[in-house]
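Asks: Fit chain B to the supplied structure of chain A, relying on the hints for placement.
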Amino acid sequence: MKETRGSKFSIRDVITVAAMLVINYMIAMVISAVTLPFSEMYLYGSAAIDGFLGAVFFLVAANRVNKHGLLLVWAVVYGLIQALMGYAFLLPYFLIVGVVTELSMIGKDTYRKPVRNMIGWALNSIGNFIGCAVPLWWAWDSYKNMALNSGFSQETLDMQFLMAIHPGLMLVGCVITGLLAVLGVLFGQRLLRRHFQKAGILE
Amino acid sequence: MIANYSNIRRVEQIDGRTVLLLAVCACFTSFLCTSLLGHGLYMIWLFLLLSYFEIFTMGLGILGLYILSVVWLAINTKYHISFPSPLLFHMLYRLLMPAMIVCLLVHIPSGKLTSSIRKLPIPENIMLILIVMLRFAPTVVHEFGEVKDAMKVRGFLRTIKTVLLHPLSTLEYAIVPMVFRSLKIADELASSAIVRGIESPYKKDSYYIIQLTVKDVFLIMSSTVIAVICCRV
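Line order of the protein sequences matches chains A and B. The first sequence lines up with residues 1 to 203 when you count with the numbering used here. The second sequence lines up with residues 1 to 233 when you count with the numbering used here.
With the rest of the complex left out, here is chain B:
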């Protein structure tokens, strides 16, 4: 069993359910908060949380994008600029708040996340799909890069004209290898999971201790209180 020892990463010391609750809290705050000041303050709180969990660079990137969206939106509305659409920046700055927590979610080890979510009333198939999706996304990006390189080498992406004149062929050359590779990885993943007993009908346990600690309770309480304050600003 892996306990909360001080030498393990901070993000591994919290429960997956806590992060899911934080995600719900961020969603509601982003939806209910009508004041830009309150919205901004909650974003700063989330940035501080990400910094505490040693995800500073990614947090800073999202915060930078958030500031850029708000500033651009202010310029758009002040000077009546309709392109790019002001709605884009409205949607973007509201989406960036839950995105902060999603960053935290992807940093939790998949084994821990699986056992945390297993304690929630979510159907196992849906839960497994979500977890595999979270872990599969970087692989897909990598595979897209590989397929793109292979297409370049074979001259399928030489000019924009080639792509525009034969869009269906270009799609076929990109999609087919992508699906083949993904299915191969999916089969390997499935075999690995079966060998490790995922289809066993018995109660499954984990190397990780799944229990809410004082740190989890503090995180949930403080985030909820700050969310309420920000919504009332």
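So here's chain A without its partners, still in its complex pose:
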């Protein structure tokens, strides 16, 4: 199988993607739960850690399926789950993320090339990072109303909000997320070589 196949996903591909997505999503949920008490940590750290840990599962799916549309499906399913959990407005956003990441994978045999996987996965993780900020801004409005009614000063609230959405800090967050996603792919490639390819599960 030398070329990234453009045909439809077979049932084996669909179930492999679903299995890897479940593990990735469960790990993402644990990371979110651990980092949520610290809003800045949640915003700047959760997508990055998820990008690092999830890379292995993405690489397994990518090397096994090796068909175009995988990253698009990955992002759309992520968006659909977010929509089902209450963030319906994130679905079109993740659709765009999916299209952008899929565009980065144009070419032959790209889902089996470590560098292309690295680029695609890093873009997907950066998309997740920016997506993390949206619910935070959404929750912010109601929190702000309640906090102001309870005696919080406007200055304190503005300072907290700036910490969460400062453009410079957002850029730093993108860099951290991209870097951890790249490191995750390197770690994942090592595992793939040492275990999965040796066992004959992946080519």
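No lab work stands behind these hints, which were simulated from the structure alone. You can take every hint at face value.
Dumping the calculated BS3-like pairs for lysine-lysine here, alpha-carbon to alpha-carbon at most 30 Å: (1) A/Lys8 with B/Lys119; (2) A/Lys113 with A/Lys198; (3) B/Lys203 with A/Lys8; (4) B/Lys184 with A/Lys67; (5) A/Lys67 with A/Lys108; (6) A/Lys67 with A/Lys198; (7) B/Lys204 with B/Lys119; (8) A/Lys8 with A/Lys198; (9) A/Lys108 with B/Lys184; (10) B/Lys148 with B/Lys184; (11) B/Lys119 with A/Lys67; (12) A/Lys108 with A/Lys8; (13) A/Lys198 with B/Lys148; (14) B/Lys152 with A/Lys198; (15) B/Lys204 with B/Lys215; (16) B/Lys119 with B/Lys215; (17) B/Lys161 with B/Lys148; (18) B/Lys204 with A/Lys67; (19) B/Lys152 with B/Lys184; (20) A/Lys8 with A/Lys67; (21) A/Lys8 with A/Lys113; (22) A/Lys8 with B/Lys204; (23) A/Lys67 with B/Lys203; (24) B/Lys203 with B/Lys215; (25) B/Lys184 with A/Lys8; (26) A/Lys198 with A/Lys108; (27) B/Lys184 with A/Lys113; (28) A/Lys113 with A/Lys67; (29) B/Lys184 with A/Lys198; (30) B/Lys204 with B/Lys184; (31) B/Lys119 with B/Lys203.
Replies: Only chain B this time, still in chain A's reference frame:
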């Protein structure tokens, strides 16, 4: 064909599309409802729905978590406590409303859910991925437990110091068996589905009768009306 006989569970008597519509309704209510009173009232409505569908314990658990989040949030803002972050409780209490309907969704038999969703304009691959994910999640939790036990027996999780000093090795010992086991289960599932004709190009039918009944219409109408009232409170 399985019809709506009285001896089958209540949750099996409703259409999967109804539950999906209820999920959309809960998402919008959680997003649009600005008053805590209206939000709370809709949560009580969803709890009553879950109780009717014999998912009382899970519903009570989510309602308890909801009350805890709201009370904790009130304490946080009243006494200016910033840890745990008040944003956490804001996000949590808003997320718990759709979570109630997700509980109902996972209780619908997968065959029925598949045939219900097949009638919706969703690409088949996406639909299959979502359904397999819903069914695969408990297996993954179980498999994680098994891998954790195996790691404990082999002494990889003996102390926190061991884990912290060798984080990549610990990750490798956890991830590799997890992926191997999941791929094995995925292959078995795929074989089983192929044998039962999932790749057949012909029109697929189901053992379940997929049609909206009076009960479905009542559920959709009442939930929508209550959602509108709660958003206006």
